[in-house]
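Colleague: Protein chains in written order, with numbering that gives the first Met the number 0: chain D, 0 to 325; chain H, 0 to 325; chain S, 0 to 325; chain W, 0 to 325.
The set of hints was computed from the structure by calculation and includes no laboratory data.
One should not assume that every hint holds.
Identical copies carry no separate label here, and so any pair may be met within one copy or between two of them.
Cross-link-like lysine to aspartate or glutamate pairs, in silico, DMTMM-like; alpha carbons within 20 Å at most [stated by the list, open to error]:
{"no.": "1", "residue 1": "6", "residue 2": "231"}
{"no.": "2", "residue 1": "295", "residue 2": "66"}
{"no.": "3", "residue 1": "183", "residue 2": "172"}
{"no.": "4", "residue 1": "134", "residue 2": "317"}
{"no.": "5", "residue 1": "293", "residue 2": "66"}
{"no.": "6", "residue 1": "6", "residue 2": "60"}
{"no.": "7", "residue 1": "183", "residue 2": "280"}
{"no.": "8", "residue 1": "200", "residue 2": "60"}
{"no.": "9", "residue 1": "295", "residue 2": "320"}
{"no.": "10", "residue 1": "94", "residue 2": "41"}
{"no.": "11", "residue 1": "293", "residue 2": "160"}
{"no.": "12", "residue 1": "293", "residue 2": "303"}
{"no.": "13", "residue 1": "6", "residue 2": "302"}
{"no.": "14", "residue 1": "295", "residue 2": "317"}
{"no.": "15", "residue 1": "183", "residue 2": "201"}
{"no.": "16", "residue 1": "193", "residue 2": "41"}
{"no.": "17", "residue 1": "6", "residue 2": "320"}
{"no.": "18", "residue 1": "295", "residue 2": "160"}
{"no.": "19", "residue 1": "319", "residue 2": "105"}
{"no.": "20", "residue 1": "295", "residue 2": "280"}
{"no.": "21", "residue 1": "134", "residue 2": "320"}
Number of protein chains: 4
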Amino acid sequence: MAHENLKTRVVGVEIGLETTTTAVVDVRGNILAKSSFATGDDPNVADFTSKLSENIVNLVEANGGYEMIRSVGISAPSGNYPLGSIVNSPNMPWKGVVPMAAMLRDRLGLAVALGNNAYVRAIGERAYGAAHGLKDFILITLGSGMGSCFYSNGHPHLGQDGFSGEIGHSCIEIGGRQCGCGNKGCLEMYTSSKGVVLTAKEVLAESNEPSAMRGVEPLNASQIITFCNDGDALARETIRRAGVMLGIGLANYASLVNPEAIIITGKLTHAGAWLLDPAEETFNEHVFRNIQGKVKFLTSRLEEDEMDLLGASALAWEVKEYSLFK
Amino acid sequence: MAHENLKTRVVGVEIGLETTTTAVVDVRGNILAKSSFATGDDPNVADFTSKLSENIVNLVEANGGYEMIRSVGISAPSGNYPLGSIVNSPNMPWKGVVPMAAMLRDRLGLAVALGNNAYVRAIGERAYGAAHGLKDFILITLGSGMGSCFYSNGHPHLGQDGFSGEIGHSCIEIGGRQCGCGNKGCLEMYTSSKGVVLTAKEVLAESNEPSAMRGVEPLNASQIITFCNDGDALARETIRRAGVMLGIGLANYASLVNPEAIIITGKLTHAGAWLLDPAEETFNEHVFRNIQGKVKFLTSRLEEDEMDLLGASALAWEVKEYSLFK
Amino acid sequence: MAHENLKTRVVGVEIGLETTTTAVVDVRGNILAKSSFATGDDPNVADFTSKLSENIVNLVEANGGYEMIRSVGISAPSGNYPLGSIVNSPNMPWKGVVPMAAMLRDRLGLAVALGNNAYVRAIGERAYGAAHGLKDFILITLGSGMGSCFYSNGHPHLGQDGFSGEIGHSCIEIGGRQCGCGNKGCLEMYTSSKGVVLTAKEVLAESNEPSAMRGVEPLNASQIITFCNDGDALARETIRRAGVMLGIGLANYASLVNPEAIIITGKLTHAGAWLLDPAEETFNEHVFRNIQGKVKFLTSRLEEDEMDLLGASALAWEVKEYSLFK
Amino acid sequence: MAHENLKTRVVGVEIGLETTTTAVVDVRGNILAKSSFATGDDPNVADFTSKLSENIVNLVEANGGYEMIRSVGISAPSGNYPLGSIVNSPNMPWKGVVPMAAMLRDRLGLAVALGNNAYVRAIGERAYGAAHGLKDFILITLGSGMGSCFYSNGHPHLGQDGFSGEIGHSCIEIGGRQCGCGNKGCLEMYTSSKGVVLTAKEVLAESNEPSAMRGVEPLNASQIITFCNDGDALARETIRRAGVMLGIGLANYASLVNPEAIIITGKLTHAGAWLLDPAEETFNEHVFRNIQGKVKFLTSRLEEDEMDLLGASALAWEVKEYSLFK
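Isolated chain D, as found in the complex:
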């Protein structure tokens, strides 16, 4: 007693399309050490998992040791928490259902939890960020796609099979833009990076006004945001239209969920007020009247490069401790 070996650290993992990062994190969300490697495009997931396992073991041994680590949390694209698997990812090199949590647990001998980007960020913002103390909120990710997670009375909503939060594939315009998912009019075709670029092309075609966007090929969302900040009127109009679509989509969402706040994360938030002001204004026009003006629009309070790692670490605390070796 008192001699009890309390494990006071976890490992957070962010599997990104390009880079995979691991971190040792303590109880209060301090990142003690970090390490990265290229995710690669090897379709052999066993090789990737072995590489990930090795990376974690090395990091951990160099920073306090294996016996202080309680468990591991992973943020992965198309991650499914109840299954602990990456499921039908359109972007990762591994197809179908990949039981990454079980595969890593077998290599490390530690409990492993896995969730998608939005799920993990929601847990992270609640533990250490803008959602601390909130029981009902929505977290949005705006990047190459659009994802979300919402909390219901203090718990992240999972649904029957852990496939909830797919706001990016809600239909905002019947018969609208073709989405990679096979449907038309999906919200993310208007509010994600690729959606913004499509809108830019429409905006450019509609007028003869000069714009820094003209002739840039390929044009991407970051450039548009830069032009926007530089005063380019058509770039601003592009972002404004994304904001309007975002506002309507979030109003529909909030009318269903009645959140205290909506936390918007992801690269597109670099557009700041150019995106978020029209979004909030449109939101309040469209949301159910009893909650108009009551939903807080927030951005993350976490560093962009810590957001997913902190979320993954907070997820790691959710699973039961388990060790092959104790």
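Position chains H, S and W relative to chain D; hints supplied.
Modeller: Same frame as chain D, now just chains H, S and W:
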């Protein structure tokens, strides 16, 4: 001990636009007695509440007595469960925030809970109907408007202030039909009774085909359903279009919530397969791919005239017992 | 749609030391059909499980058919809900950890849940009996041993590994009567059938008063209760002492848990007020002062031969639906 | 938007018998500033509350300002969380039910939550200490009395009226030592500071062995612990006996609750292994056999003077944000 006076019955109340009904219900959802009176349009809510209180006392005294009653549950249009109030009802004679639960509790000396139609029905279907055993499901009401409630991991989702589930006022068509709420393109303008009538007019205007709907003034949804069953092609087209819009709206909802089932209730379900087949088909085209074909489409298993009363009785069991007189 | 095959029945199973009973039960707790067979003492649990499976299939086929059955719930001595297993039962013929739920699921192709006696009864009383509407209560079983389950804010408390509720093995008298579990002074050595018999012997030895209990060998708790009701003073003293020990044990329990009610079930409750009056009186002397007089003492409102079957059926609704064949 | 004024700090308050301390704490449990004043023995609770309010306002204004503060949490002896009140405190100068949370909220215009010592510490250990990541655990306070709180599946168990956890007043010895609560044999009469002193007197009376405890008047628990560490055999025997009683009491508790860990806090833990080794040993002899050797015995990982403040701050995040002035 053993002499303990266990209260084994509750009162369920359904406040409808025209009729208010009260019922004494036992633990297992048997309605033991019922009584009704005209809701009326008296803007004085205190008078209505006194009438309701009297009705309950009379019913209860004639059926086993007051001392067997544990609590009271109310289904009311625009009801808000956390507030126990009717809030900004567009249809009831009482405006603003009406604290009906507290008013009735003061008259009866019993705990009173109140929720809106959809919330109460969801609780009722879970206790006694098609949602028994489900942890994540959506319940839809399709009547003069469109409402909903969803369960998150075994609990009805309320949100920050109890104003969740407003699917009827999600925007399904940007700049679409004008809704009474002030916005355009609200889903209920396509899928509720009034929406169906508007669609019928469009359908009639688009063709010269003969139809029983022509010349009927005012035309209502019940008639259209009857014509539909009688083989009227334009009536069927009208209902089919409502089904398509319903399917898209529910797909958006289910992509967010990932329910095991969607339970559709209300008068419009009398249209049966004419409405529900296109709805289910469109739903599966639009819902997020990982749950396509996995969400059960269900109608209520409760009698139409018991659905709200049973739900209200199930709600009554949710509140803490309380008595002025014990 | 509407054609959806909703499963509206479950099977409840009570595995008793002597008899195993199965029942088909509907949503509202009506037992539609029942069947029994001798549990036997065959140490081969696979044989028992096959017999159980056959019994269920026959019952179900003769009463509405397999396709109406959603899932199966089992009440088993020493049952552990999270493991779905019978664990270290001192009384059943099967030793160690018996994964009964998985074994039966493999034979039936249906989801199966399993819990111990007290856990299952608590769920049953909440669904259909005296605990309906209660969020915090304790259920006690008083039979050959003593068990319990308590609810925490509307959910049965399980604890880390599902081994909670072992009130029978709390120490009520340091260095007291030797219990079969290896310890001394366990509460069930004073309040269960065997405890009552031990007390009777003490009571008889302490005085020369005549008593119907004298010379009866072996004496059992049912006889003592009968003598008690017949006016036998020493039998009454015996039961009174059990009541006092029960009252202290429950006071300790309630001071930890602060329940709205304690529901006492099992054969010993046949002693009625002879047991429960001294129990309640002692309870109120010993329980933490802020809740004195506030905890309801209740007995079950369910038939004795339905209590476990209804509980098992209610448990069956808790598991996710699953079918090998759909 | 983005301009949204997110409140990122809370105030934690510890009302002690002698000193009241307030602290400004951030999201991650960093104490940014602290202030104290003498609690005093003025029976006028309004005066005390005004003094407390003033202390908070001054502290807050000097450290970042009022507009950063989201809410306030209070640790108070005999605090009741659902009532937000101090109830029938045997030690504080204010008698009966003192609605401290409401009184302070009215003065500050901020949401205020209040709980007792054990409840607040449990929340604090889960947020920032030894219980991080645990879903089922028991926290014990061992000081002038003995209190506790346990978690049920990730939530602190409150019970029907918030009066749970009173392990100190469970009866460990029928007819044993007289307790101030009116009963005999309460556990805290053996395991708290006062209990240890009573045991010391018994130990001294039983033998003629020399001991530093002899002749010390008044003898207190701190001295006994010091003597113990100095090698005094009778002091060690005194503490050992407290450990044995603690072990039995905790075994009874754990057999009901099945925790992953028991966290023991309070001044008596300064006795270290002299107390905790016999406690753990006795615990494992008495606890229900299926969990023997599985329950972790832990002490707090928080600084003794931060434990209650951090717990109070964690409690502050649990209440809904509220402001008179926004």
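Colleague: Hint by hint, note whether the structure agrees.
Modeller: Structure-based check of each hint:
For a Cα distance limit of 20 Å, the shortest separation of residue 6 from residue 231 qualifies neither inside one copy, at 53 Å, nor across copies, at 35 Å. In this assembly of identical chains, residue 295 and residue 66 lie within 20 Å of each other by CA distance solely across copies; the values are 16 Å between and 42 Å within a copy. Taking CA atoms no more than 20 Å apart as the test, residue 183 paired with residue 172 passes in both settings, with 8 Å inside one copy and 14 Å between copies. Within a single copy, residue 134 and residue 317 get their C-alpha atoms as close as 17 Å, and across copies as close as 9 Å, so both meet the 20 Å cut-off.
Taking the shortest alpha-carbon separations for residue 293 and residue 66, only the inter-copy value of 18 Å comes in at or below 20 Å, while the best intra-copy value is 47 Å. Taking CA atoms no more than 20 Å apart as the test, residue 6 paired with residue 60 passes inside one copy only; the shortest distance there is 14 Å, against 38 Å between copies. In the homo-oligomer, the alpha carbons of residue 183 and residue 280 lie at most 20 Å apart only across protomers (16 Å), although the nearest pairing inside one protomer, at 26 Å, exceeds that limit. Proximity of residue 200 to residue 60 under the C-alpha cut-off of 20 Å is found in neither arrangement, the shortest distances being 51 Å within a copy and 52 Å between copies.
When the C-alpha separation of residue 295 and residue 320 is checked against a cutoff of 20 Å, the pair qualifies only between copies, where the shortest distance is 12 Å, while the shortest distance within a copy is 36 Å. In this homomeric assembly, residue 94 and residue 41 come within 20 Å of each other (Cα to Cα) only inside a single copy, at 11 Å, whereas the closest approach across copies is 49 Å. In this homomeric assembly, residue 293 and residue 160 come within 20 Å of each other (Cα to Cα) only across copies, at 10 Å, whereas the closest approach inside a single copy is 31 Å. For the homomeric pair residue 293 and residue 303, neither the shortest alpha-carbon distance inside one copy (27 Å) nor that between copies (36 Å) is at most 20 Å.
Only between protomers do residue 6 and residue 302 lie at most 20 Å apart by alpha-carbon distance; the minimum there is 18 Å, versus 26 Å within a single protomer. Only between protomers do residue 295 and residue 317 lie at most 20 Å apart by alpha-carbon distance; the minimum there is 18 Å, versus 27 Å within a single protomer. Only within a single protomer do residue 183 and residue 201 lie at most 20 Å apart by alpha-carbon distance; the minimum there is 17 Å, versus 24 Å between protomers. For the homomeric pair residue 193 and residue 41, neither the shortest alpha-carbon distance inside one copy (25 Å) nor that between copies (56 Å) is at most 20 Å.
Within a single copy, residue 6 and residue 320 get their C-alpha atoms as close as 9 Å, which meets the 20 Å cut-off; across copies the closest is 33 Å, which misses it. Taking the shortest Cα distances, residue 295 and residue 160 sit within 20 Å of each other only across copies (13 Å), while inside one copy they are farther apart (29 Å). For a Cα distance limit of 20 Å, the shortest separation of residue 319 from residue 105 inside one copy, 15 Å, qualifies, whereas the shortest one across copies, 27 Å, does not. Taking identical chains as interchangeable, the C-alpha atoms of residue 295 and residue 280 lie at most 20 Å apart only when both belong to the same chain, with a minimum of 12 Å there against 37 Å between chains.
Taking the shortest alpha-carbon separations for residue 134 and residue 320, only the inter-copy value of 11 Å comes in at or below 20 Å, while the best intra-copy value is 25 Å.
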